[in-house]
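Peer 1: Please take these sequences and the hints and turn them into a complete structure.
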Amino acid sequence: MAINWFKYSAPSTFYGLAGKLIPWFALAALALFVAGMYVGFYVAPTDAVQGEAYRIMFIHVPASILSMFLYLIMAAYAALGLIFNTRLSSMMATAIAPTGALFAFISLWTGAFWGKPMWGAWWVWDARLTSELILLFLYLGFIALHASIDDPRRADRAAALLAIVGSVNVPIIYFSVKWWNTLHQGSTIKFSGTSMHVAMQQALLLMFLACWCYAIAVALARVRSIILERERATQWVGELKEVQS
Amino acid sequence: MTKRQKRLAFIVGGLALVGAAVGLVLFALKDNVSLYFTPTQVFNKEAPQGRSFRIGGLVEEGSVKREGDGLTVHFVVTDRVGTMPVVYKGILPDLFKEGKGIVAQGKLEADGVFHAEEVLAKHDENYMPPEAKDALDKAQKTQEKESAK
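Those sequence lines, one after another, are chains P and D.
First residue of the first sequence: 1, per the working numbering; consecutive thereafter.
First residue of the second sequence: 1, per the working numbering; consecutive thereafter.
Just so you know, the hints here were simulated from the structure itself, not pulled from any lab data.
Note that this is a predicted model, so its numbers are computed, not measured.
Don't be surprised by glycine CBs; every beta carbon is placed ideally from N, CA and C.
Treat the hints loosely; a few may be bogus.
Incomplete in silico selection of chain P near chain D, CB under 8 Å [as the list claims (entries may be wrong)]:
| no. | residue |
| --- | --- |
| 1 | Leu82 |
| 2 | Trp119 |
| 3 | Gly120 |
| 4 | Ala121 |
Peer 2: Structure representation (structure tokens):
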């Protein structure tokens, strides 16, 4: 049987699929979040060096990873939209940006709250912190640039270029603690394994998956609104139940 | 080439160019991007002279001495090759401990001592409960004893 891979690249079919997927991802996000918080606060042991304060990493680390991953996904969608002129790709890029910006902000914010008791400073201009701040500005720049151009197709193209150029920053964030002297510690989770207690790993994994499900759910909800807004003149939108009522 | 292929080539080529440019800039600014200098770098005169900079390394075991006022602390920062005596007046972060990493901002004075205005603690990327840490420390000590024999 031949699968039509391009079926869901049309906004009209994807709109329905997204609507069906959102509740599942939202529910999974909630369940994983509750489980992750439970394991993080009640099962994971106190850290030998940092005491209880290390538990902030259960939100800090997933938020940081997501902020970087979402940027790459956003840039990939933007590039697809630019190369193939597919409408949905550009809409997805626009839909992901606010969530990515939120995670970058959470990462910086929780990092400051972790840094004050452990390092003794809310903020230092080391390579890791600075490059993550640049990531937040890239997200905000993408959103602002897209919003400042009235024609959505031209806005897509301009913002896509910014997103693609900005993706150079993501490997810099990841490798910053390796390439330069930083106050931020090296990676705990490496391709070669982790240097962390098992229960801590489980809590981190649960929170990581919760953040993923949340990000997917809100990105899909956002892309549905964008589809409706941009395709409002088409017949299929006019025939939708939720539009007619 | 079709229009699509041209656009793809343009994006891939552009990204490679931007990546190379950023890489070269960061490589040229290596010393500026790094947060601190190691004691060895200071002795090799790589650190700025006569103005404030940051020094980083481990606090040498047994080097921490407090003065009578309870605030002024003397200690030695080491990177296992070079060492640098540091004096600091103020409250130290909780994680400040002998054998652990710190980053201090201040000036190297003529007396050869680094006068710090701010001391930050640097922790490592390992997380474990106290029992596991005790076991690990014990294992390390017995190993050291055996290698000393």
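Peer 1: Among all the numbered hints in the text so far, which are the ones the structure does not match?
Peer 2: Violated hints: none; all satisfied.
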